[in-house]
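For reference, the chains in residue letters:
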Amino acid sequence: MNAIEISHLRRIYKTTIGVIRRSIKEVVAVDEISLDVKEGELFGLLGPNGAGKTTTVKVLATLLIPTAGKVSVLGYDVVKEGNEVRKRIGFIFGGERGLYWRLSGIDNLRYFGSLYHVDPDAVKKRIPYLLELVGLKDRGKEKVDGYSRGMKQRLHVARTLLHNPPVLFLDEPTIGLDPVGAREFRQVIRNLQDEKKTILLTTHYMFEADTLCQRVAVINHGCLVALDTPSALKEHVRDLNVIELEMFGVSNEVIQRLRSQPFIDSVAVENRDQKQVMFIQSTRGSEAVPDLLNLLADVRVGRVQVREPTLEDAYVRLVGGDV
Amino acid sequence: MILGMIKDYGRTILAVAEMTVRWTLIDSFVIFTIFIQPLIVALLALWILQDKGNDVAMFVVVGSGMTGLWSGLLFICGNSINIERWSGTLETLVGLPTPLEVIVFGKCLANISFSLLAMAVSYILAAWFFGYTLSLNQPLLFVVSMLLTVISFISFGLIIAPIFVMNPSIQQWQNGLEFPVYMLSGFLFPIALLPGWTTPISYLLPPYWAAQALHGTSSGNAPFEQILLYWGILLAFCVVYYLLAGALFKKMLVKARVDATLDME
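These protein sequences, in sequence, are chains G and D. Numbering of the first sequence is given in the working numbering, commencing with residue 5 and proceeding in unit increments. Numbering of the second sequence is given in the working numbering, commencing with residue 19 and proceeding in unit increments.
Any given hint might turn out to be false.
Simulated crosslink set (EDC-like; lysine to aspartate or glutamate; CA at most 16 angstroms straight-line) [as the list claims (entries may be wrong)]:
| # | chain 1 | residue 1 | chain 2 | residue 2 |
| --- | --- | --- | --- | --- |
| 1 | G | K91 | D | D26 |
| 2 | D | K268 | G | E85 |
| 3 | G | K141 | G | D123 |
| 4 | G | K42 | G | E188 |
| 5 | G | K29 | D | D26 |
| 6 | G | K279 | G | D232 |
| 7 | G | K147 | G | D111 |
| 8 | G | K238 | G | D123 |
| 9 | D | K25 | G | E312 |
| 10 | G | K128 | G | D111 |
| 11 | G | K238 | G | E316 |
| 12 | G | K74 | G | E30 |
| 13 | D | K269 | D | D26 |
| 14 | G | K18 | D | D277 |
| 15 | D | K25 | G | E43 |
| 16 | G | K74 | G | D35 |
| 17 | G | K279 | G | D295 |
| 18 | G | K141 | G | E188 |
Among the chain D residues that face chain G by a calculated CB cut under 7 angstroms, a handful are [what the hints assert, rightly or not]:
| # | residue |
| --- | --- |
| 19 | K25 |
| 20 | T107 |
| 21 | E109 |
| 22 | T110 |
| 23 | G194 |
| 24 | E196 |
| 25 | P198 |
| 26 | L280 |
Derived by calculation from the structure, the hints in this document are not laboratory data. All C-beta atoms, glycine included, are put in the ideal place defined by N, C-alpha and C.
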């Protein structure tokens with residue numbers, strides 16, 4: 005059975021421009037997205053900034069009303085039966101907001117427990133379990149004000165599990181966490197998966213989606229561009245190899261020159277401190293390296309590496325190198 | 019099922035009220051609004067009206083306490099939704115199974131009840147520092163009037179909180195609404211001293227009827243039938259305002275979900 009059903013979802017934001025001659029500008033955040041998530045599935049929603057991931061999650065969490073389309077959670081319509089949906093879901097959005105910083109972690113959980121209508125005795129028993137689950141057992145009595153970003157994120161998870169909801173929406177939960185914090189957080193998500201919860205996870209980190217999710221959907225500019233298992237998505241780029249080049253001071257002109265070459269499928273550049281790392285997808289693999297170096301004769305090139313494609317490479321191809 | 023819902027909401031309201039009181043105790047703005055400002059008002063009034071007798075002193079105690087109630091209602095209850103929005107917790111609250119109006123009710127209950135302490139502080143000031151002998155002539159009726167005052171003030175809070183969210187331009191006039199209501203409601207002097215054209219405006223304000231009931235029962239000057247009339251009008255306002263509040267919250271939440279304004283980010 006499907007826990008989440010999204011059919012032709014469309015969401016438009018309207019903003020007013022100008023002071024004297026005011027006009028309304030429309031931005032299409034989600035454009036005709038349709039997808040289903042099965043009960044007990046951990047489903048990933050991937051896409052660049054502004055792709056429409058958070059908008060989709062907010063519609064599912066009843067925080068936004070869709071402009072068009074039908075969205076349901078566990079059979080309940082998110083617009084007409086919002087309260088039934090809210091009883092059965094938990095959600096967290098990336099970031100530190102949404103908690104009462106002047107209160108301790110335990111007081112936050114007690115407070116939200118009463119707002120979720122959880123029996124006070126049950127809350128008392130559940131708080132130590134949840135604090136242990138998210139690794140905050142020894143810090144629960146401290147004010148949230150003094151928590152690190154990762155601790156606040158984990159307290160959000162505990163908060164959203166107070167009423168033991170069957171469906172969870174986790175919107176970029178590991179954003180801003182240090183590598184150790186992110187790893188601990190992924191373990192929390194695995195634990196939740198073991199409890200057979202339906203989880204919709206949005207993330208920027210392909211490694212995270214690859215290791216955690218059973219299926220992933222890629223959205224770009226509000227449209228669904230792919231939906232499959234991580235391994236099936238990687239098949240899209242099986243014919244390609246990825247050439248990684250470390251470079252210093254690469255210009256847009258050079259990038260455009262590379263993109264115009266017929267043997268190059270896509271080019272993405274990532275800034276890392278003083279240098280840039282260029283990811284080039286090509287069917288020719290290592291054979292393309294001499295031609296590439298000729299094209300980059302006027303650029304200082306460091307380490308060169310040819311490797312097998314990952315989910316990230318599949319993602320880059322799907323969103324058109326838009327990273 | 020209905021009993022279960024009442025039990026759930028009752029527990030939620032008490033939990034919200036408890037948390038609100040805890041925040042209140044560490045918020046200097048709230049402490050100033052609820053205690054310090056009414057104390058200044060009481061001090062000034064008692065100083066100006068010194069040697070006017072115990073009845074006048076009691077009028078000042080009740081009236082200055084009511085200024086604390088109104089300021090608490092206007093600034094703290096009025097901003098109760100906006101404060102959650104500014105601190106980033108409104109989305110979390112709206113995504114809960116508890117209706118937002120129940121949460122705001124709990125916050126208003128705490129703030130209004132807490133504001134009653136302003137009256138106690140004014141009493142201490144008048145009795146201890148100015149040496150007045152203060153007594154309540156109809157204590158039982160005064161307590162009932164106080165209870166109705168709290169309920170009617172909460173209903174008023176439930177009206178202005180969503181209005182301030184939907185109309186930021188009205189919220190900008192918040193400061194300007196403080197003193198006119200002190201005067202129009204007859205907190206510190208009878209409205210008969212004001213120009214006649216202001217009287218209909220006073221009649222439309224629940225704080226005016228609350229002030230009448232509290233002043234009438236504390237002084238014992240009003241006959242019981244008149245007190246009953248004040249109570250009836252307060253209750254009528256409550257019914258209208260609670261119904262209106264339900265519609266306003268619904269409208270505000272639909273608008274916020276359409277305009278995507280639950281969060282400031």
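Verification of the hints:
no.	hint	result
1	G/K91 to D/D26	holds, 13 angstroms
2	D/K268 to G/E85	holds, 14 angstroms
3	G/K141 to G/D123	violated, 21 angstroms
4	G/K42 to G/E188	violated, 26 angstroms
5	G/K29 to D/D26	violated, 43 angstroms
6	G/K279 to G/D232	violated, 34 angstroms
7	G/K147 to G/D111	holds, 9 angstroms
8	G/K238 to G/D123	violated, 47 angstroms
9	D/K25 to G/E312	violated, 60 angstroms
10	G/K128 to G/D111	holds, 11 angstroms
11	G/K238 to G/E316	holds, 9 angstroms
12	G/K74 to G/E30	violated, 21 angstroms
13	D/K269 to D/D26	violated, 24 angstroms
14	G/K18 to D/D277	holds, 7 angstroms
15	D/K25 to G/E43	violated, 32 angstroms
16	G/K74 to G/D35	holds, 13 angstroms
17	G/K279 to G/D295	violated, 22 angstroms
18	G/K141 to G/E188	holds, 14 angstroms
19	K25	violated, 9 angstroms
20	T107	holds, 6 angstroms
21	E109	holds, 6 angstroms
22	T110	holds, 4 angstroms
23	G194	violated, 24 angstroms
24	E196	violated, 26 angstroms
25	P198	violated, 31 angstroms
26	L280	holds, 6 angstroms
In terms of the numbered hints stated before, the structure departs from hints 3, 4, 5, 6, 8, 9, 12, 13, 15, 17, 19, 23, 24, 25, listed from lowest to highest.
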